[in-house]
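Make the full structure from the sequences, and use the hints.
So the protein sequences, as listed, match chains W and E. So in our numbering, the last one in the first sequence is 932, and the numbering has no gaps at all. So in our numbering, the last one in the second sequence is 1479, and the numbering has no gaps at all.
There may be inaccurate statements among the hints.
[Unchecked claim] One side only, chain W facing chain E, incomplete, derived with CB under 10 Å:
# : residue
1 : I574
2 : W591
3 : N609
4 : T705
5 : D853
No lab work stands behind these hints: they were computed from the structure. Just so you know, even glycine gets a beta-carbon here, dropped at the ideal spot from N, CA and C.
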Amino acid sequence: MQLNNSRRDMSETQDVRHQAKVSELLADYIPPQDTWNPADEALYQPADPYRVSLEEAQDMQLKAIKFTFTRHYRNNDFYHRYCEMRDITPDDIKTNNNLDKIPLIPDIVFKQHPSGKDLAYWIVGIFTGDLPKIVVEGANPTFDDIVNAFNTKGLAVMYTSGTSGRFSVIPRDMKTFRAAEYALAKSRASMVAQTDDHVLLLFPNPARTNLFIGRVSSLSYDLFGDVHYAVDSAITAEVTQKAMSGNERLSGRMPSSVQSETQQKIVDKTVQWLERYEKTEESIRLGGPPFMLVLVMNALQKDGKRFDFGERGNVLTAGGWKIHENARFPHADFRKQVQNVLGIPEARCLDLYGLCESNGFMMQCPEGHYLHAPYTYLKPLVLDDALMPVGYGEWGHFAFLDALAQSYPGFIISGDLVRLLERCPVCDRPGPVFEPEVHRAKGEEVRGCAEQLRRILSQDLVE
Amino acid sequence: MTQVSEITEQGQTSQELPKQSSLAGGFTFAHMLLKKPGALRKFRVMGPDEERYVRPPREYEIPEYRKGMRCCTSNEPYLRPTRWCNPREPKIIAMANELGAYELSDCEFADAAYWFVKTKLVAEMLPLDSVTATLERGTGTCYHLISLWIALCRAAGIKARYKTFMMKLPDEVLSQEMTEQGAMTANFFNTGTPEGEGEVCIDGNWVVGHVAMRPEILARVGLPIPKLGEDAIGMTFKLVPGTIKRFESLPRRLGIGLKAGTWLAPAAMERANVLIQTEMLPPGRRIIEEAGGIEAYDRKARNVQELFSAEEITRRTKAKRKQVVKFKE
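Below is the structure:
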């Protein structure tokens, strides 16, 4: 017991030192303290976002979310009208229990943007705050032309990859974006007390895309000495749309299961990178969407190769758990494969759950792999089919109140199904956690008898 | 009362589903079963632990038919009895009179009958049968419900007809959690099964009515409730272009198809019926109750839908804020 306590004490000391080091590396991301608003305080003050006492966190959360809500209520015409329709004002938010009253926007609103020149006006309409003059060039600007026109003026408009081929467009200002990056770094540092010598990310290069999953990892350059991106080509909206939807999907036919040439290049690059550091003593971090990492590991297994990085290796996944052709891959099975093929223990194989619409990230703990919510500035909600909050332990639609979203109303109902627990059943961190497996809600649009029957037949076809 | 035989379009080919789409649907279904032959048993047999469908009690009383009740006896197109839609059945005449036939204006009656069918009957998958059977059960497929509305209007002397179209599954449905099985059936229903509405002729104009979907089902997903005159295409469904058809009588092929489907896959039909009762209606009912009733809910849903629409956001972006964007060609 004494030995375990000593080991734990050492581990906690290591955690604290690591957090301090990360904060130092990210000093440029932190605005001057005398300019902090309550949302800034909730993000930048805690040394560890997952170890704030519940009492202190609740106080921070209320102040932060109320501040941000008030900002959007007063300065965002679209959101103000929504609040009027729902008869809610900032004066109605007095305690943490009142936070449920804040009107939530379905995520589909951010997907329903127009195309062409109207996209620019739509972004302006959704945005909270002052905007610089935006100049869009070209007679027929593309989606990326318009997004880039905002971003060259200091904004950070980004979009998701969107499984349906429709992007969620989120207009961040630079303050909100840097807050998201800082939040991501701190979330990761809380669970992985190690600064790795070499990092390979199987995400799009942040300098060559407006995809959120690519852009948000740009702070890796500030945290790690040697960072490489395996996906180095430009990933535009058009490329993404073809990859994620394609005509074949819209007609219901199955997409090809043949690995693309690009994916093969990524796999080869990753294997070479792993081989380079296999024989060294240096630490490595491999990050990417699960489907890409599975491709890499399957290729290694096919060639009879394996590595033994042990404690000097870290794997971080993000981007959802559908592997090929929408088949899900349980995270537990993935961790076992990582251990078998890369020799990296399960405690060092963690998943990150985040959405383009949110600036808070849920990070798995190494002890139990539950997804911890950053509860000082993000209030997670779970809603039933009638969009009423449910209690802990119930499955429902994930919604959130994001205090860090200063340039758009980040009070959103997502398309994910989650189960929230009051605290982690394994580790000693005090805040709420999600079950590790997050699901997509089946499309909830209404359809007639035909579609209901179709769903039943689909289910019945599963033998 | 002498039952008048059902009359189809005289000297015209009924506007049936395009043969190509029906064949394609059939081939897709056969392909599905070839790939997953074990599914056939599942389509046909309910599991021992599965919840069984229990038809809900009817939500209204059927008035008694009395001799002398007014009804339309014209043999004009759109007023006469047609396949599975006989407006001269006694209980139909009685219900039409109860709803105000020949007392209310055509528009008022069509509206009364519209809301009666829309709010008092509920979806159930079963073969096509008479409008009296539908009225007695209080349930039916969209075609049963549309036929009932049409029969009530025809009984009241108001011309009425069917309108069908192919529904396009939303992009999100086709790609979210789309398993191999889901993709197969998505293709099947995108080619072979229409959605339906009715149309009534008021003051010389055809007016659409989407009676077949209970408000609770729409409320569950936050959609407004179409009124008489509002097309479900666009509001509720996405249209496969070029597929709208209008006809006086339901095509025989539809009845054969539904009957075949019920024979071939009775368990699948029963599961769909259970789903409607247990998962689709209750949450919507709660939402409507919390909103303060159907009208109050609908008002809120329309306001929210308008507020969130891209067109509205773009339009309302104040002129001052729009000026921050300049386009240089």
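Quiz prompt | Hints the structure fails to honour | solution = 4
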